[in-house]
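J.: Residues per chain, in single letters:
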Amino acid sequence: MRVSIKVNGVAHERDVEPRTLLVYFLREHCGLTGTHVGCDTSSCGCCVVVLDGDTAVKSCTMFAAQADGREVSTVEGLAQGGALHPLQQAFWDNHGLQCGFCTPGMLMTSYALLKHKPNPSETEVREELAGNLCRCTGYNNIVKAVRQAAETLQAAPVQK
Amino acid sequence: MSIEATPKGSMGVAMKRKEDPRFLQGKGNYVDDLSFPGMLHMAIVRSPYPHAEIVNIDGSAALKVPGVKAVITGKDLEAAGLGWLPTFHGYDKQMVLAIGKVLFQYQEVAAVFAESRAAAADGAEAVEVEYKPLPVVADPFVAKQDEVLLRPDREAKTNHIYHWEVGDKDKTAQALGAAEKVIKQRIWFPRCHPAPLEPCGCVAQFDTMGRLTFHVTSQAPHVYRTAITIVTGIPEDKIRVISPDIGGGFGNKVPVYPGYVCAIVGALKLGRPVKWIESRTENLTSTGFARDYHMDVEIGARADGTVTALRVSTTADHGAFDAAADPTKYPAGMFGVVTGSYTFPVAHAEVDAYFTNKAPGGIAYRCSFRVTEASYAIERGMDILADELGMDPVELRRKNFVRKDQFPYASALGFTYDSGDYHRTLDVALEKIGYQALLKQQAEKRAKGELMGIGFSTFTEVVGAGPSKHFDILGIKMFDSAEIRIHPTGSGIVRAGTKSQGQGHETTWAQIVAEELGLDPQNIMVEEGDTDTAPYGLGTYASRSTPVAGAAIAMAARRIRERARKIAAHLMEVGEGDVEWKDYKFQVKGVPAKSVTMKEVAFAAYTNPGQNEPGLEATQYYDPPNMTFPHGAYVAVVDVDRETGEVKVRRFLAVDDCGTVINPLIVEGQIHGGLTEGFAIAFMQEIQYDKDGNNLNTNFTDYLVPTSLESPKWETANTVTPSPHHPIGAKGVGESPNVGSPAAFVNAVIDALSPFGVRHIDMPITRDKVWRAIRDSDPAKG
Amino acid sequence: MIPAAFEYIRAGSADDAFAQLQRLGADARVLAGGQSLIPAMRFRLARPAVLIDINAIKELSNIGIDNGRLTLGAVARDCAIERAPWIGERRWSLLHDASRVVADPVVRQMGTIVGSLCHNDPAGDWTTVALATRAEVVVRGKAGSRTVPIDEFLVDSFTTAVAEGEMATAVRFPVPGDRTAGSYQKVERKVGDFATAAAAVQVTLAEDGTIRDAGIALSAAGPCAVRVSEAEALLKGQKPTAEVIRGAAAAASKKSAPQADLRGSVAYKKNLAGVLVSRGLRQALARLGVQS
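From first to last, the protein sequence lines stand for chains A, B and C.
So the first sequence is numbered by the numbering used here: it starts at 1 and just counts up by one.
So the second sequence is numbered by the numbering used here: it starts at 1001 and just counts up by one.
So the third sequence is numbered by the numbering used here: it starts at 2001 and just counts up by one.
Just so you know, these hints were derived from the structure itself, not from any lab.
One should not assume that every hint holds.
[Unchecked claim] Pulled from the structure, derived: some chain A residues nowhere near chain B, Cβ distances all over 10 Å:
1) Ser4
2) Glu17
3) Gly69
4) Ala79
5) Lys115
6) His116
[Stated by the list, open to error] In silico lysine-lysine, DSS-like type, Cα no more than 25 Å apart, as pairs:
7) A:Lys144 to B:Lys1075
8) B:Lys1691 to B:Lys1157
9) A:Lys144 to B:Lys1144
10) A:Lys144 to B:Lys1648
11) B:Lys1566 to B:Lys1008
12) B:Lys1713 to C:Lys2190
13) C:Lys2190 to A:Lys144
14) A:Lys144 to A:Lys115
15) A:Lys144 to A:Lys117
16) A:Lys117 to B:Lys1008
17) A:Lys144 to B:Lys1027
18) C:Lys2254 to B:Lys1769
19) B:Lys1432 to B:Lys1648
20) C:Lys2190 to B:Lys1769
21) B:Lys1184 to B:Lys1769
22) B:Lys1075 to B:Lys1269
23) B:Lys1075 to B:Lys1093
24) B:Lys1648 to C:Lys2190
25) B:Lys1016 to B:Lys1238
26) A:Lys6 to C:Lys2058
27) B:Lys1132 to B:Lys1691
28) B:Lys1144 to B:Lys1132
29) C:Lys2190 to A:Lys117
30) B:Lys1594 to B:Lys1008
31) B:Lys1184 to B:Lys1399
32) B:Lys1069 to B:Lys1269
33) B:Lys1432 to A:Lys144
34) B:Lys1445 to B:Lys1399
35) B:Lys1594 to B:Lys1691
36) C:Lys2058 to A:Lys115
37) A:Lys6 to B:Lys1691
We put the CB at the ideal spot given by N, CA and C, even for glycine.
Could you put together the complete structure from these sequences and hints?
T.: So, in structure tokens, the structure goes:
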């Protein structure tokens, strides 16, 4: 079937089997390999992308067909005009990543989180990130990074 | 040209990681990101039975599935001389695809190659396999009885794989017999799994000249290259192994897995690139597990708490093949470090390993080669001893610590500990955690029936494999290597034989070079993982990279400095002997105003070297003289809800001593990550097999990885006791948190439950176990 | 893990979806949130020949309070409850608590309450909440739409009153009275897990401070979530004392008939049933300003 999805503002139209998961559509058909597959039970969140601007979804638990006609934002679309998004900068500043595999999912969940809760407490950040697993960092620095980004965005909102 | 910055040091600088920008933008280069024209996908057919004869495999239906190109079985591989794979340990081999029978649930039985991932999955489903179930052995103590022989392929007709021992058996027995106090406890470190978020995978492709390029999630690319040569017969110069970015290793990506061999065979046979990426379920059920040591621990002591003897007797469950990736001479790894931080005058340790119908493995999950098991055993044992003697566990430890002046310390089990200051590290921990105040609070809470526990772990571990005298893998000595080249404009490149999977080598290796040469670490590029360009190394695992490759890098940089000194002398028109390296510059002795920077020398190396050899590069292969012995003092403070059995970790403090710290930010990150793994192991992780050999924890719904909400907020600190034999005084550290923390958590829980007289609870300490321990306890003590 | 192949139909309206279901029968499955269905399909445990995607049907995503009823359409998301403007009101505290512990925060962006009810996992959250609040499910069948009380809707593990060719279109919760508060107490091994045990409690007080009505239900206590009517009866008309709470908790523990599994033993789960009902009651009462 024909599926057309706007990814990071660019239209991608492909013929795919209905069973094509959104994560594989992005990775294999759009060539955007930043979104990762880490498990088979929707537990790890490595595959999180943002749907229609503000809804974090696990793209391994969604068919590309469901996103037909809609907008998907992936980690590749976060940086604008060569400048890192405050979330990306904050993860870098705070050593919020090691192997990098969970990072795109963490960034996209955080991105959606800050849209709904621009000033989350530490506990709220930990609650909201609980759908994203990390084996390397132990989460301390990720939480710090999200809080730093929240502060930065409140002071100077990014146009997106 | 920008203004010349004054050269300064890079050691101990918490600089941001250089590799981060690509990961932050989703531009990491992991193996599943690779795609080549004509690439096929591979899927593996796996056994639902833990032990069964293979009656027949019929791939004909699979071959009819649109897109499927080929199906191979163990028989096909055997015909090509590729049926079996030597395990890294060298004393066993394992089937690539099952031959004759299957030995564990989810074992590889056939491989299907197809045009797409989906077609390969459809094809795998269509392969028909007929099995005849055989009796299952899911318990090493049952395997020991040898009633069902699991490995008729082996010469010795027994399930007993090996017996290993170290220490003085008779003296230890005597000392235990004479001791005023002896404690004995069966302590099991259950089976768990490292589960990095990126599963294992590879892409194999042969070019028109018959050269294999093998992209693979490997923590040891050079060892893989040599192993592939050994297994396939393809000459080593015709193999290029590339480990790209790796999404976590933790020992999971050290063994060579059957899927890798199948992918190479498929690529060769079909003349097209083959990609194989395993699923999470495959990762958890068939790749290298960790631990599964049943340890009988006995400690003998005087009434005043001075320890006099240690005896540990272990039954090891290795699964269906002995694929524990230990150095050849160490079938039980570094288990001999079980005397820990204490001055045991005599000790004896032995391990007997058995086959069972479970997945193979044993060395993984930040274990430092069985140090996790050893450390857990001794730190739990010391707490049990303290309890029986009525002594504060801190005082018992302190009393028996190796003293600073005793280093280098020769342990009763043959290790020479390089350096340490256990008393100081413990004091720092006690002060930061506020031990006395906590004890007071605990007393107050106990009076009210509230359960609060304080648990310690003062571990010493051993990393940095290792000296060629003792260590080899497949016969290759465990040195490591570095090759550094400085460019005309003062930038450079360093290539090493290690392979980071998140440990930050692109930053820390640059920092070492920058420190030694007074250059900017931002302009030292680091490359690892491509066997065509990197010098031969044994890879990154067991916290060996900084101890071994880090040393090689420092030594190579010093060789460069020596060359550079000659050029500096030429530039400053003085004799070589008049030039010294000071304040990150070459200075004329006694005339500080007369100096040149390394940057200037680098330029001269290419434009004006004088009589010296042009260029500026050096290589070093480093054979470490000894292992390194990082240590730590960890404290866990827990509160237990007696009605639900929930354990809340209120605080956890880790004070580590890994000698010289290259980058404090990176070290702290390693500690946070390792503590989270230790926490998971202590409270929620286990790979369980039921008595029929069914794997019960096959995916993330039942193999539990803690989230940001369960994970405690880690507190860290450090002391610095440099390694005297390491060029920059550094020790390894990545595994210390996983080595040291499980005992701290368990000790804290047992401490919390001491009003109930609970002596031991096996990990994972689930709510149910806590609740039942309280319920079943001696009511007189409640 | 790749699902088996299937055909995909995006339904444009509830009528359209229903017509397709009637036509295809057992060959088709409805796709709403997909957070239970898609993982089952990836393991090939579910292999529908046709998926009918109802996510685009606007009328099915409605959330509205009308006529003493809170109605959630089949596509109303877990997160929409979490963020509803009225969710902070005391009367909705049971729903509020539950909405924050279902699955994980990202899964909740897609997961639906009705989907959860139709899935009917014995350790699910929404089924338990629905029992305690006396909810009803609207099921559309050949003879038109009917309202099924939740007690009848939940038939057995993973089995509901929705027959082949039928479709659940909404769930309706009675709007609780002013002097009502609830509590959802869930013990889970980690975020994202099903309940090891959970208790849904909702209490309404009369003017004189006695308990006018109580809803008590347990998760992971049998083949389906279980209403502890015995506890409800014990509480009704009583002053909320510690003794009364103890009695209700004991009744819950007795009623609980869990399976032993990796989450816990039978004895442990039964113990939890009592502990969580007790804690749930005390928290609901505290929310009503009553110390017990």
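J.: Which of the listed hints are not met by the structure?
T.: 2, 4, 7, 9, 16, 25, 34, 35, 37
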